[in-house]
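Asks: So the protein sequences, as listed, match chains P and H. Position 24 of the first sequence, counted from 1, bears residue number 24 in my numbering, the numbering being contiguous throughout. Position 249 of the second sequence, counted from 1, bears residue number 249 in my numbering, the numbering being contiguous throughout.
Honestly, I wouldn't trust all of these hints.
Said to hold, decoys possible - Covered stretches of chain H (chain P as the covering partner; in silico rule of three or more C-beta atoms under 8 Å from a C-beta of chain P): (1) 70-82; (2) 183-193; (3) 198-210.
Stated by the list, open to error - List time: in silico BS3-like cross-link candidates among lysine-lysine, alpha-carbon distance up to 30 Å: (4) H:K153 x H:K268; (5) H:K175 x H:K151; (6) H:K174 x P:K167; (7) P:K167 x H:K88.
Don't read these hints as lab results, they were simulated from the structure. C-beta: ideal position from N, C-alpha, C; glycine also.
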Amino acid sequence: MIDIAFFFEIIPALLAGLPLTLQLAGSSIVIGFVLALMLALAQQGNHRILVWPIRTFVAVFRGTPLLVQMFLIYYGLGQFRPSLQAMGLWWLFREPYWCAIFALSLNTAAYGSEILRGAIQGVPRGLVETATAFGMSRLLTLRLVVLPLAFRQAIPGYSNEIILMVKGTSLASIITLMEVTGIAQGLISQTYRAVEVFVAAGAIYLTLNFTMISALNALEAWLTPYRVRA
Amino acid sequence: MKRYLLAALASAVSMFGIVQTTVAQDAPKSITIATEGAYAPWNFTTADGKLDGLEIELANDLCARMKIECTIIAQDWDGLIPSLTVGKFDVIMASMFITTKRLETIDFTQPYAVDPSGFAVAKDSELGKMGISAEKFKLDDEAASAAAIEKLKPLLKGMVIGVQAATTNLDFVKKYFGDTVEIREYKTTEQHDLDLAAGRIDGLFAQQTALAATLASPDLSNFTIAGPGFVGGVFGFGTGAGLRKEDTKLKEMLNAAIDGAIADGTIKRISEKWVKTDVTPVK
Chain P
1 MIDIAFFFEI IPALLAGLPL TLQLAGSSIV IGFVLALMLA LAQQGNHRIL
51 VWPIRTFVAV FRGTPLLVQM FLIYYGLGQF RPSLQAMGLW WLFREPYWCA
101 IFALSLNTAA YGSEILRGAI QGVPRGLVET ATAFGMSRLL TLRLVVLPLA
151 FRQAIPGYSN EIILMVKGTS LASIITLMEV TGIAQGLISQ TYRAVEVFVA
201 AGAIYLTLNF TMISALNALE AWLTPYRVRA
Chain H
1 MKRYLLAALA SAVSMFGIVQ TTVAQDAPKS ITIATEGAYA PWNFTTADGK
51 LDGLEIELAN DLCARMKIEC TIIAQDWDGL IPSLTVGKFD VIMASMFITT
101 KRLETIDFTQ PYAVDPSGFA VAKDSELGKM GISAEKFKLD DEAASAAAIE
151 KLKPLLKGMV IGVQAATTNL DFVKKYFGDT VEIREYKTTE QHDLDLAAGR
201 IDGLFAQQTA LAATLASPDL SNFTIAGPGF VGGVFGFGTG AGLRKEDTKL
251 KEMLNAAIDG AIADGTIKRI SEKWVKTDVT PVK
């Protein structure tokens, strides 16, 4: 049923969308991680004024579909052009590219902050107390003791989030960004051959994510050699 | 000898398509018609969730003529043809142009409407100041349409134009204006209307009747249809009802019903009601 010649013909066309997919995934993963770390650390204290807004943000972004978030950020905010222009933010929300990165970053920040919060809280208290007993400042303890251990623990959970982000970029075509999935849908409408095109697009995502998983597994093995999986 | 002659005659007749099918198909008692439900005024969803528009009214009229029961459903544009071929419904009436490319996969009735495509831009842009031209260019007439396109190019240079993805409109803009304008592809026309109002794009390219309906919105009062309309060529042979190639009996029935609706002025009446122009195809 699958036409092999056609299958190889469409791969280059689909690969033309790969740079955009990588840019969207790459930027949102990096920005999202920085945000997630800040949100996770801010929640370590007990300042309600700080913690409650963060919890609300996390609840909203984890509780609604990424598709809806992207729609609201792009088409929703597009209706508030005068106010956004007054705030000097229209240049950001005018472009679908920045809207996509904005939506993806906030989404992954919400999930990532919970992964990191758990990992930070999982660092044994005794270690922190020992560091304090040695006279290390809170910042130094965080940098040398807590964060390295927390990151190590967070890798498996965070790999999931990274993979989900790579796949999440496929929604960017609804806001006019022609990444791999957007191009795939265009090809289907030209050829009406959904199976070959989606199999090829799926193969590209699989390769991409497989590479990502292998790299993250290697990192995990390097940081925790005592529990390397068989 | 006589029998052989008759048989030869019969096969000659069927070869010339006078007898369309060797095995006569039964007339269906009920069919499901799919539309997009997001392409006002041709087909759209009203605030209370009902489907309405030119094609909905025409579909009901055709079903009454065929004396069969019809269910009209809404389906995403890019899923229409794949869903038809796997049998999720029987007929597409979604302002879909008959093109040779689509005819490779599905069959169409004769056109029930012919509607030119054109640009909409800001009234104060150079092209916008020209306003709508009554000229319609048939792309099959290459010399005339090429001249019209060359005239439009400098006026459109550098503009960001919104077009619905997976349409002949997109094929047209890509082919003739791909090096002149920046193209943004949208899933629905409602989305490019929103972006035009938000100022993210400078113009639209769509069927002129659809543009006229869009621009009636107060948010878009600064925009106008501008330049000539284009028909033929990549736009194909007009708007027809899509159906599976094997449903020859249904095609026959629909064609007869469309003939009737053209002859007694129903299509003229319905189209003037919905799109303010007569889109009755010229036979």
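Asks: Is the listed coverage of the segment 198-210 of chain H by chain P valid when you require three or more residues with a beta carbon under 8 Å from a beta carbon of that chain?
Replies: Contact hint for the segment 198-210 of chain H vs chain P: holds, 3 residues under 8 Å.
Asks: Is it true that the CA of K175 (chain H) sits at most 30 Å from the CA of K151 (chain H)?
Replies: Roughly 16 Å separates the two Cα atoms, so the pair holds.
Asks: At a Cβ distance under 8 Å, does chain P reach at least three residues of the segment 70-82 of chain H?
Replies: Our answer is that it holds, as 3 residues pass the Cβ test (under 8 Å) against chain P, meeting three.
Asks: Is the hinted pair K167 (chain P) and K88 (chain H) satisfied, with a Cα-Cα distance of at most 30 Å?
Replies: 29 Å, holds
Asks: Holds or violated: K174 (chain H) and K167 (chain P), Cα atoms, limit 30 Å.
Replies: Given that 30 Å is the threshold and the Cα spacing comes to 28 Å, the pair holds.
Asks: If you draw a straight line from the CA of K153 (chain H) to the CA of K268 (chain H), is it 30 Å or shorter?
Replies: At roughly 34 Å apart (the allowed maximum being 30 Å), K268 (chain H) and K153 (chain H) break the hint.
Asks: Establish whether the coverage given for the segment 183-193 of chain H by chain P is satisfied; the threshold is a Cβ-Cβ distance below 8 Å, and no fewer than three residues must meet it.
Replies: This one holds; 5 residues, not fewer than the three required, reach chain P with a Cβ under 8 Å.
Going down the numbered hints, you'll see the structure goes against just number 4.
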